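Given chain A's structure and the hints, the job is docking chain B onto it.
As a plain string of letters, each chain reads:
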Amino acid sequence: MMARGLLAFAALAMLVVASSPARAVLPQERLADPALEARAREISRELRCQVCQNQSIDDSNAPLAADLRRLVRDRLLAGDDDARVLAHVVARYGDYVRLTPPLRADTALLWATPAIVLCAALAAIALRLRRRQAAPPAAKPLDAREQAALRELLRQGDAGGRGGGG
Amino acid sequence: MRRALFLLPLLCFAAVATWFAFGLGRDPSRIPSALVGRPAPAVALPPLEGAQRPAFALQPGRVAIVNFFASWCAPCKVEHPTLMRLAAEGRIAVHGISYKDAAADSARFLAQLGNPFETIGWDRDGRAAMEWGVYGVPETFVVGRDGTIRHRHVGALLDDTVARVLVPMVARLERE
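So the protein sequences, as listed, match chains A and B.
Using our numbering, you'd call the opening residue of the first sequence number 13 and step up by one each time.
Using our numbering, you'd call the opening residue of the second sequence number 117 and step up by one each time.
Isolated chain A, as found in the complex:
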């Protein structure tokens, strides 16, 4: 009884270890040439499924993703290199189809934003630190009116102290 349970557990554990994360690529979609298939998978991971927009066509089960996977594989079979396959799809579906936006003049700001924000934050911190380290401004001497007011307060404090204390 115990041995059977252990065996079942071992089998289950092996299954879990052996299984890779599920992808949407169906067996009949795969190319016979493993090298070409690997390139197809690589390109597919870079292409956005336009139906479920945060998934790549490699992950998506949408029919359009399947069509695009087939298109990618057909282009590879036709002898296109990776860049040309990507360009083929981008020409029809636009830059948005790429999960990594291209680095161009009109996307430079997009790419530079994290660096800009980081620099701004560092600059702000540096400015603050420097200001804190700077000597505090020299105290301005009290003018005559302030001196009089201070004396008055001290006198009242002395009187109150004598009265309240014992």
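If you are wondering where the hints come from, they were derived from the structure by calculation, not from laboratory data.
In this text, all values refer to a predicted model and were calculated from it rather than measured experimentally.
For each residue, glycine too, the CB sits at the ideal point set by N, CA and C.
Certain hints may be false.
Chain A residues, not near chain B, derived (Cβ > 12 Å throughout) [unchecked claim]:
{"#": "1", "residue": "Phe21"}
{"#": "2", "residue": "Val37"}
{"#": "3", "residue": "Ala44"}
{"#": "4", "residue": "Lys152"}
{"#": "5", "residue": "Asp155"}
{"#": "6", "residue": "Gln159"}
Okay, the calculated bits of chain A under chain B, using three or more residues with CB under 8 Å as the criterion [to be verified]:
{"#": "7", "stretch": "71-82"}
{"#": "8", "stretch": "104-114"}
For chain B alone, kept in the frame of chain A given last:
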């Protein structure tokens, strides 16, 4: 002045929140087409059997719309009366491409609801649609007299859009 500084994060948050609030109202399916301004892709498609129309072909010199449809697509049914009206007006050529649909089903769809299309292509596996950058039906493209794609409409094409977008655009394209 310094005292007002504590309002700065609040203001930043308000600005970002407003921006996001506007973003929430936007339809994420409305991705601009990469093909606007480019020549309409040449696709060779068989005619739709049973629809009694020639195979899909654009005639140069005439402003046209190309509508991707399918019998299994509910919004296609919704927009169909609009296409029928556009075809009846006869000002622009209305072409159809049946997308990933059994020919008999598409033909029956047109037989029941009316056939607004001058020419029809049968895109059984969605190959031609991918050439056009289509990612779902219905999608409608406006093609100028010179055969370049001028506009893409995603989703059902309703009378409101026709009046607001299509009519002024066609008038402009006809003058070109």
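Open item on the list: Tell me the hint numbers this structure goes against, listed in increasing order.
Closed with: none
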